[in-house]
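K.L.:
The chain contents come next:
Number of protein chains: 2
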Amino acid sequence: MSKSKSAHSALKVQKGINPPQAVNANFIRKAKASRVGVLDLDYYIQGIFKGERKILSQAITLVESAKKEHRILAEQIIEACLPKAQASIRIGITGVPGVGKSTFIEVFGKQLVDQGHRVAVLAIDPSSSKNKGSILGDKTRMEALSTEENAFIRPSPSSGSLGGVAQKTRETISLCEAAGFDIILVETVGVGQSETAVHSMVDFFLLLMLAGAGDELQGIKRGIIEMSDAIFINKADGDNLNKAKISRTQYANALHLFPQPESHWPPVADICSAVTGMGIDKVWTYILDYVNTTKANNFFYVKRQQQELFRFHEQIESKLKHYFFEDKRIIKLLKKAEEALMNNEKSAYQLAEDLMKKWHK
Amino acid sequence: MSKSKSAHSALKVQKGINPPQAVNANFIRKAKASRVGVLDLDYYIQGIFKGERKILSQAITLVESAKKEHRILAEQIIEACLPKAQASIRIGITGVPGVGKSTFIEVFGKQLVDQGHRVAVLAIDPSSSKNKGSILGDKTRMEALSTEENAFIRPSPSSGSLGGVAQKTRETISLCEAAGFDIILVETVGVGQSETAVHSMVDFFLLLMLAGAGDELQGIKRGIIEMSDAIFINKADGDNLNKAKISRTQYANALHLFPQPESHWPPVADICSAVTGMGIDKVWTYILDYVNTTKANNFFYVKRQQQELFRFHEQIESKLKHYFFEDKRIIKLLKKAEEALMNNEKSAYQLAEDLMKKWHK
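In order, the protein sequences belong to chains A and B. Heads up, the first sequence stops at 361 in the numbering used here, and the numbers go up one at a time, no gaps. Heads up, the second sequence stops at 361 in the numbering used here, and the numbers go up one at a time, no gaps.
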């Protein structure tokens, strides 16, 4: 036990070492006082309904805030927005870094805006929670699209667990829809867990791939391919065109091996180039066909209702935590329990069980 | 509202369409009756303490089980194991698919076993929860290591959210340590979220990279590089050797740009080849140096205590959910609330709030 004791005294001495973020409830509670001024509910709702992008942005900042009073206001705003948040098409777009997602979304989004749509671009990227972008630095993103009156671009929520980030993105979708954006593009980084989260909030799921790079190097899992409604081989231009065509055939063949999807709309594989613009219009043609088919067979609405169920369970889980960790008695008990843990008086399991018993009676 | 009504009737008609897994509380509660026979606590504890791999495996299966009675027994086993679960070195190993993690771990693990260590290899791979491996199929993994008496290899828990998978891996580490494994290798897929989870349960974090492939294509985020204690450029053999040496210099330079780590042990960049064996012994040399340095300056123990705090909060969050979703009154209320949601009687937010109020009073 002498090792544990020295560890404890070390904890007391080395104040410079910060505990992991998710650990310290005090840290979470005191988290960054947001810069958002809390205005009237009516200000936000009216502004959003008028499609004012500035007020929409402010409301999203409230949604992303960790402060309790912001959260309560945000919840009221979302509730008011929900009835208006239906007439839209929600599209998830994924692919590994380097596949050209930003350029694709820029060109695709511009095309939709030119056709008279209002397009919102959101992102889920939990891995950016600590540090944004790659070590080589981020490129400037979607310059042309961001200047369009009918486009709205919002990067990832800047903190939180994947669950938290996903929940905030789901709520942001509702706000954007209430603000009159009829096409929502949700970008994700394409390497695993976050795709499932995006899949739980979009109607159509588009996977961008590179020709010839091989699944393994691209880090694309079978599960992601299975949940895709369309696979587009991007960068199908110049010397790369033939390779892209071969990849298209390979993916088309692979897709045939999967069971019939629940949507009854067989997924497609095709090629495009965000640089030359080739094939980008076909993406939209496929999506419209998907939407028409799944609205006719009701899958579109069933999926959205399942997503509402998902939202409900997400809400329950986050409220469970809020009720618990914001309870004044629990805050005190938790502090004592953490001390007992550091002093090796009891195990994490016993202490957690003790807390639950005290909470629930 | 007519659309919603048709959606609702569709939900009733199209029974073939399954709700997303995380949605349906009934689904979760009824989840797969496990094949594990529940034996005496003593059977597991004595077996683990004797280092019997078969019983260790059975205990881990209990840890991974979704059944309530398994969970309660598993918790008792872990509690009994915790005091014995300290004298080890826990190493996280990450890198994108294709970097050669399995081959590396095979060679590295064999080397450690030959030196008299007992080595456990665990994996965290949340993206495998639906379908394992890439579309091209998994290779046979770690054949040589798996036949060693003093090695124990356990793949990812096969289901659950990232949080759940991480928690189960943390608990599996404790069981392996109590069974006398003094080196724990935790493999992860290297593309984002799961690294943070692994980082919260290991002493040393090793990042494997490929020469020349570029950060972007490798999908490695700055945040992952920042949390690494060592970066090894793997596949440094044949024609690739010179490229690997150049990469080593580049990463070494990049590492210098980061602030002094809390461990006070400056991260290293080096090269290795799991195929020729070159450099693999240096990995262990670095790790021993890290352990000696951080035990001397106490960081090693401080970090482990922080990880215990992490475990405690993880326990609280999962117990909150168990207490709630397994409560008989809540099960009934939840069913009614889901029906109300499907009938558009109230929003997910109102219904969640109602449930909380009923739960907490």
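Since the hints were derived computationally from the structure, they do not count as laboratory data. Don't take each hint at face value.
What the hints assert, rightly or not - Taking lysine-lysine and the BS3-like style, the derived pairs with C-alpha atoms no more than 25 Å apart in a straight line are:
id : chain 1 : residue 1 : chain 2 : residue 2
1  : A       : Lys67     : A       : Lys336
2  : A       : Lys295    : A       : Lys245
3  : A       : Lys321    : B       : Lys295
4  : B       : Lys346    : B       : Lys68
5  : A       : Lys84     : B       : Lys346
6  : A       : Lys321    : B       : Lys332
7  : A       : Lys321    : B       : Lys346
8  : A       : Lys357    : B       : Lys67
9  : A       : Lys282    : B       : Lys295
10 : B       : Lys335    : A       : Lys332
11 : A       : Lys335    : A       : Lys346
12 : B       : Lys335    : B       : Lys358
13 : B       : Lys295    : B       : Lys67
14 : B       : Lys332    : A       : Lys357
15 : A       : Lys321    : A       : Lys346
16 : A       : Lys346    : B       : Lys321
17 : A       : Lys332    : B       : Lys67
18 : A       : Lys332    : A       : Lys321
19 : B       : Lys321    : B       : Lys336
20 : A       : Lys84     : A       : Lys328
21 : A       : Lys295    : A       : Lys321
22 : A       : Lys335    : A       : Lys68
23 : B       : Lys295    : A       : Lys357
24 : B       : Lys328    : A       : Lys358
25 : A       : Lys358    : B       : Lys321
26 : A       : Lys346    : B       : Lys332
K.L.:
Going straight from one Cα to the other, do A:Lys335 and A:Lys68 come out at no more than 25 Å?
P.N.:
holds (20 Å)
K.L.:
Taken at face value, is the distance from the CA of B:Lys295 to the CA of A:Lys321 at most 25 Å?
P.N.:
The hint is violated at about 35 Å.
K.L.:
Starting from B:Lys295, check that the Cα of B:Lys67 is at most 25 Å away, please.
P.N.:
violated (39 Å)
K.L.:
Given the hint that A:Lys346 pairs with B:Lys332, does the C-alpha gap stay at or below 25 Å?
P.N.:
Judged against 25 Å, a Cα distance of about 35 Å means the pair is violated.
K.L.:
Below or equal to 25 Å on CA atoms is what counts here, so check A:Lys84 against A:Lys328.
P.N.:
Not satisfied, since the Cα-Cα distance of roughly 37 Å exceeds 25 Å.
K.L.:
Is A:Lys335 close enough to A:Lys346, meaning Cα to Cα at most 25 Å?
P.N.:
This hinted pair holds, its Cα atoms lying about 14 Å apart.
K.L.:
Run the distance test for A:Lys67 versus A:Lys336: straight-line Cα separation, threshold 25 Å.
P.N.:
Distance of about 24 Å is within 25 Å: holds.
K.L.:
Is the straight-line distance between the alpha-carbon of A:Lys357 and that of B:Lys67 25 Å or less?
P.N.:
With a Cα-Cα distance of about 20 Å, the restraint between A:Lys357 and B:Lys67 holds, given a limit of 25 Å.
K.L.:
Is A:Lys295 within 25 Å of A:Lys245, Cα to Cα?
P.N.:
Not OK: A:Lys295 and A:Lys245 at ~31 Å, beyond 25 Å, violated.
K.L.:
Given the hinted pair B:Lys328 and A:Lys358, is their Cα-Cα distance within 25 Å?
P.N.:
holds (19 Å)
K.L.:
Check the hint pairing A:Lys358 with B:Lys321 against an upper bound of 25 Å on the C-alpha distance.
P.N.:
holds (15 Å)
K.L.:
Between the alpha carbons of A:Lys84 and B:Lys346, is the straight-line distance 25 Å or under?
P.N.:
holds (15 Å)
The structure fails to meet hints 2, 3, 4, 9, 10, 13, 17, 20, 21, 23 and 26 from the earlier list, while all remaining hints are met.
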